[in-house]
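Line by line, the protein sequences give chains A and B.
Reading the first sequence from the start, the letters are residues 1 to 200 in the working numbering.
Reading the second sequence from the start, the letters are residues 1001 to 1200 in the working numbering.
No lab work stands behind these hints: they were computed from the structure.
There may be inaccurate statements among the hints.
Stated by the list, open to error - For lysine to any residue, the following SDA-like pairs were computed, each having C-alpha atoms within a straight-line distance of at most 20 Å: (1) LYS183/A / THR1182/B; (2) LYS183/A / GLU1080/B; (3) LYS183/A / GLU1173/B.
Bear in mind that the values here come from a model prediction, so they are computed numbers and not experimental data.
There are 2 protein chains.
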Amino acid sequence: MPRGRPEVVPDDGLTTRQRRDRPVFAVHTGDMKGKSTAAFGMALRAWNQGWSIGVFQFVKSAKWRVGEETALRALGALEEGGTVEWHKMGEGWSWTRKQGAESDHAASAREGWAEIKRRLAEQRHDFYVLDEFTYPLRWGWIDVADVVQSIRDRPGRQHVVVTGRNAPAELVEVADLVVEMTKIRHPMDSGQKGQRGIEW
Amino acid sequence: MPRGRPEVVPDDGLTTRQRRDRPVFAVHTGDMKGKSTAAFGMALRAWNQGWSIGVFQFVKSAKWRVGEETALRALGALEEGGTVEWHKMGEGWSWTRKQGAESDHAASAREGWAEIKRRLAEQRHDFYVLDEFTYPLRWGWIDVADVVQSIRDRPGRQHVVVTGRNAPAELVEVADLVVEMTKIRHPMDSGQKGQRGIEW
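Based on the provided sequences and hints, a complete structural model is requested.
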């Protein structure tokens, strides 16, 4: 974990402290697991800072990430540390009353992004996880240019992590930190299926 | 996250359930961040299963991973979920009384591994994080062959995650799951230093 001297000192007129305190936009992409898992690991640090954490999952299954959700919700409920809001597309976003939302995934995804955009404008959270968010972008459900602009020009000091395979190039372009999770070996290669506690 | 049909069904005489329930040995390596962060993200799932979690950090600084440590200790202290033990080499391993342990890092690292080996034999934990463990292996402080054999032949159903750069090939060889975190872009490239809540 680099805490030493940066390789390049930019000529941007900022002090080291100003530069250090810039909000981070991170993209976790690649074919291998660990993208979301690392984002939720980052959320542990955010929680320890007492930050407001907002998780937005662009997935269908309500069971997805149930381990991480249960753990982070438990942390968010404690007196100490930050707060945690966890919203899932699969069940219909919690801020809407629509139960039939699942019938139109594209509309649900757009609705999710519209809410995130509002929250970014309001500076509602300190740390956002947009989990599996690359898929609705890839599928053309959400306008990539709008996302790029809204994240790039977000006010204040809001950190944003986007996870998912095949992150669009325009998004990678404006990210401060991009990690690619690459597969070297996976248990499924030798016929092992996912298991409780490890995969979910 | 793959929960479907594996690509290959091996001729190993095991049922799918037996194969599924095999303990996993994972290695998170590569030059980029996210290796430890993803391991602690996995610990959230382990906690949600009610598992006994043992974290062993092979690092000098007592402040390293303080966010993750505080959060996981808070989870471990709850009535629900699993238990969390967190041991750090930097302060002298908590099970020893030696205060001068820091003066000989190689000896401390060997002492840490000896304790992990005892715990594996006793099946003390369900989920182990051996954080930054590749370094004492690389530096020749701990015998790689001993580690490979002890992890490969561990009894019962104990999951083990090793993190760190440059994982030795022998270790990668026996791992079920190997992820390489690859750098696409890092804030330090443009002169940004690490910051609170993001890096630690």
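Hints, one by one, checked against the model:
1. Between LYS183/A and THR1182/B, the direct Cα distance comes to roughly 10 Å. Compliance with the 20 Å bound is thereby established for this hinted pair.
2. Our distance criterion of 20 Å between C-alpha atoms is broken by LYS183/A and GLU1080/B, whose separation comes to about 34 Å.
3. For the given pair, LYS183/A sits about 14 Å from GLU1173/B by alpha-carbon distance, which is consistent with the 20 Å threshold.
Hint 2 from the earlier list is the only one contradicted by this structure; the remaining hints agree with it.
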